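Residue numbers (the working numbering), protein chains in the order written: chain A, 7 to 167; chain B, 19 to 394.
Read the hints as simulated data drawn from the structure, not as lab findings. Small disclaimer: the values here were computed from a predicted structure and weren't measured. Possibly wrong hints are sitting among the right ones.
As the list claims (entries may be wrong) - Some chain B residues judged to face chain A by a derived CB distance under 8 Å, without partners named:
{"#": "1", "residue": "TYR73"}
{"#": "2", "residue": "PHE94"}
{"#": "3", "residue": "ARG97"}
{"#": "4", "residue": "ARG100"}
{"#": "5", "residue": "GLY115"}
{"#": "6", "residue": "ARG120"}
{"#": "7", "residue": "LEU135"}
{"#": "8", "residue": "ASP197"}
{"#": "9", "residue": "ASP200"}
{"#": "10", "residue": "VAL201"}
{"#": "11", "residue": "ASP203"}
{"#": "12", "residue": "VAL274"}
{"#": "13", "residue": "GLU278"}
Claimed, not checked - Away from chain A, derived, C-beta distances all over 12 Å, residues of chain B:
{"#": "14", "residue": "HIS39"}
{"#": "15", "residue": "LEU72"}
{"#": "16", "residue": "SER109"}
{"#": "17", "residue": "ARG145"}
{"#": "18", "residue": "GLY155"}
{"#": "19", "residue": "ALA172"}
{"#": "20", "residue": "PRO212"}
{"#": "21", "residue": "PRO293"}
{"#": "22", "residue": "VAL352"}
{"#": "23", "residue": "HIS354"}
{"#": "24", "residue": "VAL370"}
To be verified - Cβ pair distances, simulated, as ranges:
{"#": "25", "chain 1": "B", "residue 1": "HIS34", "chain 2": "A", "residue 2": "ARG142", "range": "48 to 54 Å"}
{"#": "26", "chain 1": "B", "residue 1": "GLU57", "chain 2": "A", "residue 2": "THR94", "range": "40 to 46 Å"}
{"#": "27", "chain 1": "B", "residue 1": "GLN347", "chain 2": "A", "residue 2": "ALA47", "range": "29 to 35 Å"}
{"#": "28", "chain 1": "A", "residue 1": "ALA42", "chain 2": "B", "residue 2": "GLU57", "range": "19 to 25 Å"}
{"#": "29", "chain 1": "B", "residue 1": "THR102", "chain 2": "A", "residue 2": "GLY39", "range": "36 to 42 Å"}
{"#": "30", "chain 1": "A", "residue 1": "VAL157", "chain 2": "B", "residue 2": "ARG161", "range": "19 to 25 Å"}
Every residue, glycine too, gets a C-beta built ideally from N, C-alpha and C.
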Amino acid sequence: MAAEAGTDGDTEPETLTERRRALMGLLAGAHVGELASAWAAIARQPAYRVIRAPETGLVMLRGRAGGGGKPFNLGEATVTRAVVALETGETGFAYALGRDKKKALFSALFDALWQRADHRDAVETLLARPLAEARRKADAETKSETTATRVDFFTMVRGED
Amino acid sequence: MYVAVKGGEKAIRNAHRLLAHKRRGDRTVPDLTLAQIAEQLSLSVARVMAEGSLYDLELAALAIKQSRGDLIEAIFLLRAYRTTLPRFGYSLPLDTGDMLVRRRISATYKDLPGGQLLGPTFDYTHRLLDFSLAAEGGVPPERPELAKIDDDDAKIPRVTDLLGQEGLIEADRPAGETDDGDVGDLTREPLSFPADRDLRLQNLARGDEGFLLALGYSTQRGYGRTHPFAGEIRFGEVEVEFFAEELGFAVPLGRVQVTECQMVNQFQGSAKAPPQFTRGYGLVFGQSERKAMSMALVDRALRAAELGEEEIAPAQDQEFVLSHSDNVQATGFVEHLKLPHYVDFQAELDLVRRMRREWQERQTAEAGDARQEAAE
Chain A
7 MAAEAGTDGD
17 TEPETLTERR
27 RALMGLLAGA
37 HVGELASAWA
47 AIARQPAYRV
57 IRAPETGLVM
67 LRGRAGGGGK
77 PFNLGEATVT
87 RAVVALETGE
97 TGFAYALGRD
107 KKKALFSALF
117 DALWQRADHR
127 DAVETLLARP
137 LAEARRKADA
147 ETKSETTATR
157 VDFFTMVRGE
167 D
Chain B
19 MYVAVKGGEK
29 AIRNAHRLLA
39 HKRRGDRTVP
49 DLTLAQIAEQ
59 LSLSVARVMA
69 EGSLYDLELA
79 ALAIKQSRGD
89 LIEAIFLLRA
99 YRTTLPRFGY
109 SLPLDTGDML
119 VRRRISATYK
129 DLPGGQLLGP
139 TFDYTHRLLD
149 FSLAAEGGVP
159 PERPELAKID
169 DDDAKIPRVT
179 DLLGQEGLIE
189 ADRPAGETDD
199 GDVGDLTREP
209 LSFPADRDLR
219 LQNLARGDEG
229 FLLALGYSTQ
239 RGYGRTHPFA
249 GEIRFGEVEV
259 EFFAEELGFA
269 VPLGRVQVTE
279 CQMVNQFQGS
289 AKAPPQFTRG
299 YGLVFGQSER
309 KAMSMALVDR
319 ALRAAELGEE
329 EIAPAQDQEF
339 VLSHSDNVQA
349 TGFVEHLKLP
359 HYVDFQAELD
369 LVRRMRREWQ
379 ERQTAEAGDA
389 RQEAAE
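Start from the sequences, fold in the hints, and give me the full structure.
See the structure below:
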């Protein structure tokens, strides 16, 4: 299992598979509007056909007893997936939580496009980096809000000065 | 004799129409949006997802709107909806140690790496009604205070991982245990007894909060006492990963919010194990601390047999607990009583009439005998 996923955006995933995984993670967390506008900005859009039309189903999420023990089934989540093929041969896959079929289609397209050496930079620049940056910011804000609620048992003086 | 009775169609149609009207309420009041429910009634949404056993904020919000806020009805709606969808497979187990933490507290250790993070909690509020929320178009609340983050990427370790090393607290799993073997799934196979811990945890994770709360409470009051401490409670987001066969690697699917509770319990030891702290575990969709804590208490109580404890209390009886925890099953059986039982009841009526007649006859006969004896 590749647990050390570089989906934080600020780490540089090593292998191509890791980079692709990172991209798919960003696509899964993105809003369909972000994907639609990035797609519109792609020059030389290749023709494609839909191999597996967007489909919504369920994935059973698992936890571990005690957090690190034997797996158990926690409950299901809705997941939408799609597969597309570019005219140049690349096959793109999408899997994401939720029921957004348009988003699944765009995600599969970007996954396919990213596999093309001549489009990879465009996908990274137009989409992956901004998404990673937005996620890093949002996470930093969450951490910052949460840190402000940390109990300080020893210090009587808080804040500046 | 069986007599088919028809004739409810019009009444049912009109009842449904009336229900839709009542659901909408006063039409001069704005209609609720799903976004409003998801954003402002997020703990109701969390409960419906957890007990509906389906993580989807929008669907849970829709179910709450449709059910007029009746959460068990909403849970029922989600359970029914999930049966219409295909199952793609199982995720990799969530890594709660790698959580984007929004709240994390420990009642057992004051100073621990990552600290006590209170997060958005009702704890320490005075439970006084806040009338400023009643005012329409009131002043929005202040933005949250922001604090400097020391180390952007510092993970917040689970308390039980920190303290496991000493051997004073039992490990997550016995040494050498692996993930091999099937994971029980009660959406595929009906529950049978005795049920292993994987099935018990699945059952509790989707079990009714009120039922588990009452059972957990009963263990605290002495019905299967387990001497619990809240070792850690954490709430936040974890990444879901799904191994896609066609790709040959695990795809990140996005994040879900979960609450985890590690209950740490005193244990006297047995012939096989030295005295040490044992554990109960709770994991629930969304922010739901009461449920996660109750689940952990009941999980520990249900380990009585495994730990060689005497099984004397309801919370330790897995057949009792697991058979009655599901509020959709429970409501189905309780509420079916209001469906027409006219024929059943007619038969009962006939039976009671006959028994009364026989009883009367016996009484009369006995009275006659008594008179005769007195006369003789």
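Against the structure, the hints:
Annotation: B:TYR73 was flagged as interfacial toward chain A, and the flag holds, the nearest CB pair being 4 Å apart, inside 8 Å. A cut of 8 Å between beta carbons decides the hint on B:PHE94: the least distance to chain A is about 15 Å, and the hint is violated. With 8 Å as the threshold, the beta carbon of B:ARG97 stays out of range of chain A, its nearest partner Cβ sitting at about 10 Å, so the hint is violated. Residue-level restraint check for B:ARG100 holds (minimum Cβ-Cβ distance to chain A is 6 Å; threshold 8 Å).
This hint holds: B:GLY115 has a C-beta 7 Å from the nearest C-beta of chain A, less than the 8 Å allowed. Of the supplied interface hints, the one on B:ARG120 holds, with its beta-carbon coming within about 6 Å of a beta-carbon of chain A, less than 8 Å. With a cut of 8 Å, the hint placing B:LEU135 at the interface with chain A holds, because the nearest CB-to-CB distance is about 5 Å. Evaluation of the B:ASP197 hint against chain A yields a held restraint, the C-beta minimum of about 6 Å falling below 8 Å.
Hint status for B:ASP200 relative to chain A: violated, with the closest Cβ pair at about 10 Å, above 8 Å. Look at B:VAL201: its Cβ gets to within about 5 Å of chain A, closer than 8 Å, so that hint holds up. Interface restraint check for B:ASP203: the shortest CB-CB distance to chain A comes to about 5 Å, inside 8 Å, so the restraint holds. Below 8 Å, beta-carbon pairs count as interface contacts, and B:VAL274 has one with chain A at about 6 Å; its hint therefore holds.
With its C-beta approaching chain A no nearer than about 7 Å, B:GLU278 sits inside the 8 Å limit, and its interface hint holds. No beta-carbon of chain A comes within 12 Å of the beta-carbon of B:HIS39; the shortest separation is about 29 Å. Not every beta carbon of chain A lies more than 12 Å from that of B:LEU72, the smallest distance being close to 5 Å; the non-interface claim is violated. Annotated as non-interface, B:SER109 brings its C-beta within 12 Å of a C-beta of chain A; the closest such distance is 5 Å.
Every CB of chain A lies more than 12 Å from the CB of B:ARG145, the least distance being 19 Å, so the non-interface label holds. The Cβ of B:GLY155 sits about 26 Å from the closest Cβ of chain A, beyond the 12 Å cut-off, so the non-interface label holds. Not every beta carbon of chain A lies more than 12 Å from that of B:ALA172, the smallest distance being close to 9 Å; the non-interface claim is violated. The claim that B:PRO212 is not at the interface with chain A holds, since no C-beta of that chain comes within 12 Å of its own (minimum 16 Å).
Every C-beta of chain A lies more than 12 Å from that of B:PRO293, the closest at about 19 Å, which supports listing it as non-interface. Residue-level check passed: B:VAL352 sits 24 Å from the nearest beta carbon of chain A, beyond 12 Å. The Cβ of B:HIS354 lies farther than 12 Å from every Cβ of chain A, with a closest approach of about 26 Å, so its non-interface assignment holds. The Cβ of B:VAL370 lies farther than 12 Å from every Cβ of chain A, with a closest approach of about 47 Å, so its non-interface assignment holds.
A hinted range of 48 to 54 Å holds for the C-beta pair B:HIS34 and A:ARG142, which are about 50 Å apart. Taking 40 to 46 Å as the suggested C-beta distance range, the pair B:GLU57 and A:THR94 conforms, at roughly 43 Å. The hint said 29 to 35 Å for the Cβ distance between B:GLN347 and A:ALA47, and at roughly 52 Å that hint is violated. Roughly 23 Å separates the CB atoms of A:ALA42 and B:GLU57, a value that falls within the hinted 19 to 25 Å.
With their beta carbons about 28 Å apart, B:THR102 and A:GLY39 fall outside the hinted range of 36 to 42 Å. Taking 19 to 25 Å as the suggested C-beta distance range, the pair A:VAL157 and B:ARG161 conforms, at roughly 21 Å.
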